[in-house]
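K.L.:
For the record, the sequence lines run as chains A and B.
Taking my numbering, the leading residue of the first sequence gets 91, the next gets one more, and so forth.
Taking my numbering, the leading residue of the second sequence gets 91, the next gets one more, and so forth.
It is worth saying that the hints were derived from the structure and are not from the lab.
It is possible that some hints are incorrect.
[As the list claims (entries may be wrong)] These stretches of chain A come out as covered by chain B in the derived footprint (C-beta under 8 Å, 3 or more residues):
1. 105-111
2. 120-126
3. 202-215
4. 276-290
[Claimed, not checked] Below are the DSSO-like pairs computed for lysine-lysine, each with C-alpha atoms no more than 30 Å apart in a straight line:
5. K265(A) x K198(A)
6. K204(B) x K204(A)
7. K196(B) x K265(B)
8. K176(A) x K196(A)
9. K276(A) x K250(A)
10. K265(A) x K196(B)
11. K276(A) x K276(B)
12. K204(B) x K265(A)
Note that the coordinates shown come from a computational prediction; the quantities given were computed from them, not determined experimentally.
By construction, the Cβ of each residue, glycine as well, lies at the ideal position given by its N, Cα and C atoms.
Number of protein chains: 2
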Amino acid sequence: GHFIVCGYGRIGSQVAQMLRENGVKTVIVDSSDRIRDRLTEANQEFIFGSATEDECLMAAGIDRARGLVASVSSDADNVFITLTAKGMNPNLMVIARATEPGSELKLKRAGADKVVSPYFIGARRIAQMVIRPTVADFVDLTFHTSDMALRMEELTVGPKAELVGVTLMDSGIRKNLDVIVLAIKKPGGGMVFNPPASTVVEVGDTLVTMGPRQSMNRLGQMADAVED
Amino acid sequence: GHFIVCGYGRIGSQVAQMLRENGVKTVIVDSSDRIRDRLTEANQEFIFGSATEDECLMAAGIDRARGLVASVSSDADNVFITLTAKGMNPNLMVIARATEPGSELKLKRAGADKVVSPYFIGARRIAQMVIRPTVADFVDLTFHTSDMALRMEELTVGPKAELVGVTLMDSGIRKNLDVIVLAIKKPGGGMVFNPPASTVVEVGDTLVTMGPRQSMNRLGQMADAVED
Ligand SMILES: [Ca+2]
Ligand SMILES: [Ca+2]
Chain A
91 GHFIVCGYGR IGSQVAQMLR ENGVKTVIVD SSDRIRDRLT EANQEFIFGS ATEDECLMAA
151 GIDRARGLVA SVSSDADNVF ITLTAKGMNP NLMVIARATE PGSELKLKRA GADKVVSPYF
211 IGARRIAQMV IRPTVADFVD LTFHTSDMAL RMEELTVGPK AELVGVTLMD SGIRKNLDVI
271 VLAIKKPGGG MVFNPPASTV VEVGDTLVTM GPRQSMNRLG QMADAVED
Chain B
91 GHFIVCGYGR IGSQVAQMLR ENGVKTVIVD SSDRIRDRLT EANQEFIFGS ATEDECLMAA
151 GIDRARGLVA SVSSDADNVF ITLTAKGMNP NLMVIARATE PGSELKLKRA GADKVVSPYF
211 IGARRIAQMV IRPTVADFVD LTFHTSDMAL RMEELTVGPK AELVGVTLMD SGIRKNLDVI
271 VLAIKKPGGG MVFNPPASTV VEVGDTLVTM GPRQSMNRLG QMADAVED
């Protein structure tokens with residue numbers, strides 16, 4: 091399934107680019123003439139019009155989309171887009187941008203699965219650089235920098251994976267692949283942090299791992315990772 | 091040393107609050123009447139005036155400050171503040187906010203130690219929620235949520251610490267405290283990721299750790315952590 095990105099401003103344009111770089115198909119919806127000219131020149135798939143209108147979301151393939159990013163500049167419009175989109179496709183994952191501090195709750199009530207406030211996380215990042223600068227660097231390097239030798243990754247364990255029913259210790263993940271399992275997200279939603287070596291891997295577990303880039307392919311085979 | 095926060099808008103006000111919550115003393119510089127009234131009512135230490143002027147930075151105690159956050163809304167003013175501040179106190183740690191994509195480089199050239207672009211990291215966060223949602227949740231919970239049972243922390247090893255000259259394995263950090271050492275930042279600046287159990291801890295090493303909150307105090311004693 092593709093992602094619909096509503097609003098191709100400073101946030102939306104960067105989101106769309108990052109998604110494309112990671113192999114996620116995007117369809118852009120924007121009503122500005124300037125953006126239309128830019129996207130036409132760049133040969134990118136887009137719908138010209140306002141994402142607050144059903145017809146535009148329909149044209150963007152909302153019925154078969156995997157998710158939608160509501161990233162126009164007005165919080166009120168993002169609330170309206172979220173409500174409209176969830177009404178048209180309740181299974182859609184909606185991530186909304188909030189500018190005003192009070193809007194996060196309204197966007198959640200409108201049905202947004204996740205809300206991101208750039209000002210809040212910008213401020214939090216600055217504070218972390220003061221309070222815990224080395225952890226901030228560490229997270230940046232392993233989570234956000236794609237060309238690092240060491241990476242944080244996640245894998246969901248498939249029903250026929252060789253890891254199923256095996257303990258972390260016996261799996262050789264740590265010993266042979268030099269990978270640490272930082273946490274396991276259970277299919278029910280709970281997260282087990284720093285799981286002991288005796289933990290048995292189960293179908294549907296999502297392993298949060300940290301290790302060398304070259305180990306991640308082999309680990310993916312062992313987990314028979316489910317592609318979304 | 092204290093931190094000077096220049097500009098008490100959406101970003102600066104949240105930064106100042108987070109720093110105070112973490113025990114970092116802040117002095118705010120802002121030239122708006124509205125902010126002056128608000129800070130006076132809240133009984134907070136501030137300098138009324140523009141952070142682009144030497145006198146204001148002097149009044150904010152720049153000569154004895156540990157750092158400065160340049161978070162006014164204009165990138166040009168943040169460049170000017172950075173240049174002025176570094177000229178008055180070259181040892182100052184300067185973190186600057188950038189709004190326009192092209193400003194990051196200019197702020198670095200002006201002497202900023204770190205530059206944060208809220209739009210960029212907001213977009214990156216949205217993309218991560220799509221591409222690696224479980225890792226994003228994991229980082230949020232262990233790094234950003236202060237009341238979690240499990241935390242990522244950093245500790246710098248003091249000259250008389252009991253950890254000095256001991257291997258990670260013999261230290262009992264993993265076995266007795268249930269803490270993982272994710273990385274070690276060497277005093278020279280390099281970062282060793284996922285260090286093997288045979289790694290010897292040295293004076294000045296900064297350990298990036300993940301473990302139960304209740305282990306962190308004990309680990310702090312063992313590292314004889316240097317307070318900044
Ligand atoms: Ca998957
Ligand atoms: Ca310290």
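K.L.:
Look at each hint and say if it fits the structure.
P.N.:
Outcome of the hint check:
1. By the rule of at least three residues with a Cβ nearer than 8 Å to a Cβ of chain B, the coverage given for the segment 105-111 of chain A holds, with 3 such residues.
2. A count of 0 residues in the segment 120-126 of chain A with a Cβ less than 8 Å from any Cβ of chain B is obtained; the coverage claim is therefore unmet, three being the minimum.
3. Check on the segment 202-215 of chain A: 11 of its residues sit with their Cβ under 8 Å from a Cβ of chain B, so the three-residue criterion for coverage holds.
4. Check result for the segment 276-290 of chain A against chain B: holds, 3 residues qualifying (beta carbon to beta carbon below 8 Å, three or more required).
5. Of the supplied pair hints, the one linking K265(A) and K198(A) is violated, its CA atoms being roughly 43 Å apart against a limit of 30 Å.
6. A C-alpha spacing of about 28 Å is found between K204(B) and K204(A), which places the hinted pair at or below 30 Å, so the restraint holds.
7. For the given pair, K196(B) sits about 48 Å from K265(B) by alpha-carbon distance, which is inconsistent with the 30 Å threshold.
8. This hinted pair checks out: K176(A) and K196(A) have alpha carbons roughly 14 Å apart, not beyond 30 Å.
9. Proposed proximity of K276(A) and K250(A) is supported: the alpha carbons are some 17 Å apart, at most 30 Å.
10. Straight-line distance between C-alpha atoms of K265(A) and K196(B) comes to about 46 Å, which puts the hinted pair past the 30 Å bound.
11. With a C-alpha separation of about 36 Å, the suggested pairing of K276(A) with K276(B) is violated against the 30 Å cut-off.
12. In summary, the hint linking K204(B) to K265(A) is not supported, as the alpha carbons are separated by about 37 Å, beyond the 30 Å threshold.
Checked against the numbered hints given earlier, the structure breaks hints 2, 5, 7, 10, 11, 12 and satisfies all the rest.
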